[in-house]
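Enquirer: Listed here are the chains, written in short residue letters.
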Amino acid sequence: MTTKNPAVEAYGLRKAYGAREVVAGVDLTVPAGTVYALLGPNGAGKTTTVRILTTLLAADAGTARVGGHDIRRAPGRVRAAIGVTGQFSAVDGLLTGRENLRLMADLGHLAGPRATAVTARLLARFGLADAADRRAATYSGGMKRRLDLAMTLVSGPRLIFLDEPTTGLDPRSRRELWDVVRELVADGTTVFLTTQYLEEADRLADRIGVLDGGRLVAEGTAAELKRRVTGGHVELHAADAARAAELARRLPGAVADPAAPAVTVPYDGSVGALRRLLAGLDDDGSVTGLAVHTPDLDDVFLALTGGAAAAEGVRA
Amino acid sequence: MSAPGTYVLRDSATMLRRNLRHMARYPSMTIMLVGQPLLFLLLFTYVFGGTMGAGLPGGDRGDYLTYIAPGILTMTVASVSIGTAVLVANDMTDGIIDRFRTMPLAKSSVLTGHVLAAMIQTALALAAVGAAAFALGLRTAASAADWAALLGLLALLSYALTWFTVALGLASPDPETASNLPMVFVLLPFVGSGFVPVESMPAGLRWFAAHQPFTPVMDLLRGLLAGSPDGADAAWAVGWCAVLGTAGHLWSRRLYRTRAAA
Numbered sequence: 001m002t003t004k005n006p007a008v009e010a011y012g013l014r015k016a017y018g019a020r021e022v023v024a025g026v027d028l029t030v031p032a033g034t035v036y037a038l039l040g041p042n043g044a045g046k047t048t049t050v051r052i053l054t055t056l057l058a059a060d061a062g063t064a065r066v067g068g069h070d071i072r073r074a075p076g077r078v079r080a081a082i083g084v085t086g087q088f089s090a091v092d093g094l095l096t097g098r099e100n101l102r103l104m105a106d107l108g109h110l111a112g113p114r115a116t117a118v119t120a121r122l123l124a125r126f127g128l129a130d131a132a133d134r135r136a137a138t139y140s141g142g143m144k145r146r147l148d149l150a151m152t153l154v155s156g157p158r159l160i161f162l163d164e165p166t167t168g169l170d171p172r173s174r175r176e177l178w179d180v181v182r183e184l185v186a187d188g189t190t191v192f193l194t195t196q197y198l199e200e201a202d203r204l205a206d207r208i209g210v211l212d213g214g215r216l217v218a219e220g221t222a223a224e225l226k227r228r229v230t231g232g233h234v235e236l237h238a239a240d241a242a243r244a245a246e247l248a249r250r251l252p253g254a255v256a257d258p259a260a261p262a263v264t265v266p267y268d269g270s271v272g273a274l275r276r277l278l279a280g281l282d283d284d285g286s287v288t289g290l291a292v293h294t295p296d297l298d299d300v301f302l303a304l305t306g307g308a309a310a311a312e313g314v315r316a
Numbered sequence: 001m002s003a004p005g006t007y008v009l010r011d012s013a014t015m016l017r018r019n020l021r022h023m024a025r026y027p028s029m030t031i032m033l034v035g036q037p038l039l040f041l042l043l044f045t046y047v048f049g050g051t052m053g054a055g056l057p058g059g060d061r062g063d064y065l066t067y068i069a070p071g072i073l074t075m076t077v078a079s080v081s082i083g084t085a086v087l088v089a090n091d092m093t094d095g096i097i098d099r100f101r102t103m104p105l106a107k108s109s110v111l112t113g114h115v116l117a118a119m120i121q122t123a124l125a126l127a128a129v130g131a132a133a134f135a136l137g138l139r140t141a142a143s144a145a146d147w148a149a150l151l152g153l154l155a156l157l158s159y160a161l162t163w164f165t166v167a168l169g170l171a172s173p174d175p176e177t178a179s180n181l182p183m184v185f186v187l188l189p190f191v192g193s194g195f196v197p198v199e200s201m202p203a204g205l206r207w208f209a210a211h212q213p214f215t216p217v218m219d220l221l222r223g224l225l226a227g228s229p230d231g232a233d234a235a236w237a238v239g240w241c242a243v244l245g246t247a248g249h250l251w252s253r254r255l256y257r258t259r260a261a262a
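Residue numbers (the working numbering), protein chains in the order written: chain A, 1 to 316; chain B, 1 to 262.
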């Protein structure tokens, strides 16, 4: 793989299960040495896309070159070029941490002394040296995840796929994993990751692709995507449905939810806007509480998915 | 990077080491799998042996032990293959299979590792069960050539049955199902020539018992132990093993390529 060629190039990837199209025409390019985040909710097609790119699943249509090799014509060469950490930890629970790493070294055909050295180095780097000779089944979730990633790195791949690497991890483990990804990138490794968290994509990725319903609905840097999001919203809790409807009529752009009852008002995040909104409310008990929501993944999706009627309503 | 396929032996040996470690760290399963045929051996020799032996022409308990030894040995091979199905199903549900499938491994070395480990485990189990049978008074008139053929037949049966149960393990949605499906093979010697002569069964059952795969295998084992193997039994036994083994092998390879981990 030369630096001139992109690490991943995909055109028109499609995959359907029966009538349900899970990946519906995905094009993407990941330059070598960068981090690309595929951002989307559960069921958006993130994992399916990764499974296609890592040769686990054959696409119904489309082509892709991964690590400079065609996934359909040369899957063996693709596998030799990549490292994959799946969504669920793929460690051997009956083996110790050291044996798991050694297994990867042997399958990667590393010579004996080098296998021993790499195993020791990765155990130390991932904070597993003390637990090295315990069975992986006894590890905590965070330790399993670290071992999982360490196993992926044994053969020194220059292109790594991480499918929801921090889902289910506590905040500290999540930060540790982010640090590892940053170190990898500093070494020149290309990272392709999927995540449900805008913050994660924001912190790690050079470019973010937003996947929804199997389609890339937006792509760009974190800053570019945020500019496309008009803002968050303020939720006003109303005393009853009638007052909620009354508030929705009076406040610009507001949408009533009679069931809650509540009213959602668009909000650009500024102090001035909040002050004006509060000034427009009477202190007569019709508003029983409020919550301020800054832009989050929901807002990105609401803003980026044209079909979302609720988003149109909020921003009318 | 060499093309995948040049490391078949090395990758298979690595997977074999992994699977042997699994067996060593999961001893309760091995004990259960070897204990099952041992229990049947004791049960049929001491509880049923007196009565059943009297049903054989001029027979007693000792004759019955000699009669059932082939059925018990076949059951031992089948019993160990249950463990293989469970280990394969564990791999599938663990997600570790996806890791192997995204690595440039030599073709089917993951499965070959399972089969080789199972055959080693089968050899140990057969040695234990065989030793027990001789300790209880099993008599044999086998020549050295008969012994060689007998060991070869057991190895072939183990190879064939293990490939078939690897496929069952791959096809099972979970390890529980994987442990149940191969039970058919453990029970099949009963509906054959394993414990009573098929001639003693009612017509429909007799037809099935005479034609099912394990009957020629058990008849040939019995012939070899008696030092007088039958050519037709040999042809049918080897033929059935070839069919089971080939079908299991092809089915396993197909499932390994196509089936996503649960």
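No lab work stands behind these hints: they were computed from the structure.
A virtual CB, placed ideally from N, CA and C, is assigned to each residue, including glycine.
Check each hint, because a few of them may be wrong.
[Said to hold, decoys possible] Derived contacts from chain B toward chain A, CB cut-off under 8 angstroms, selection only:
#: 1; residue: 14
#: 2; residue: 94
#: 3; residue: 95
#: 4; residue: 96
#: 5; residue: 99
#: 6; residue: 103
#: 7; residue: 253
Enquirer: Hint by hint, note whether the structure agrees.
Expert: Going through the hints against the structure:
Checking residue 14 of chain B against chain A: minimum C-beta separation of about 4 angstroms stays under 8 angstroms; hint holds. Annotation: residue 94 of chain B was flagged as interfacial toward chain A, and the flag holds, the nearest CB pair being 7 angstroms apart, inside 8 angstroms. Checking residue 95 of chain B against chain A by beta carbon gives a least distance of about 4 angstroms; that is within 8 angstroms, so the hint holds. Satisfaction of the interface hint for residue 96 of chain B is found here, the shortest Cβ-Cβ separation to chain A being roughly 5 angstroms, below the 8 angstroms cut-off.
Taking 8 angstroms as the C-beta contact cut-off toward chain A, the hint placing residue 99 of chain B at the interface holds, the least distance being around 4 angstroms. This hint holds: residue 103 of chain B has a C-beta 6 angstroms from the nearest C-beta of chain A, less than the 8 angstroms allowed. The interface hint given for residue 253 of chain B is violated, since its Cβ lies 15 angstroms from the closest Cβ of chain A, which is over the 8 angstroms cut-off.
Violated hints amount to a single one, hint 7; each of the other numbered hints is respected by the structure.
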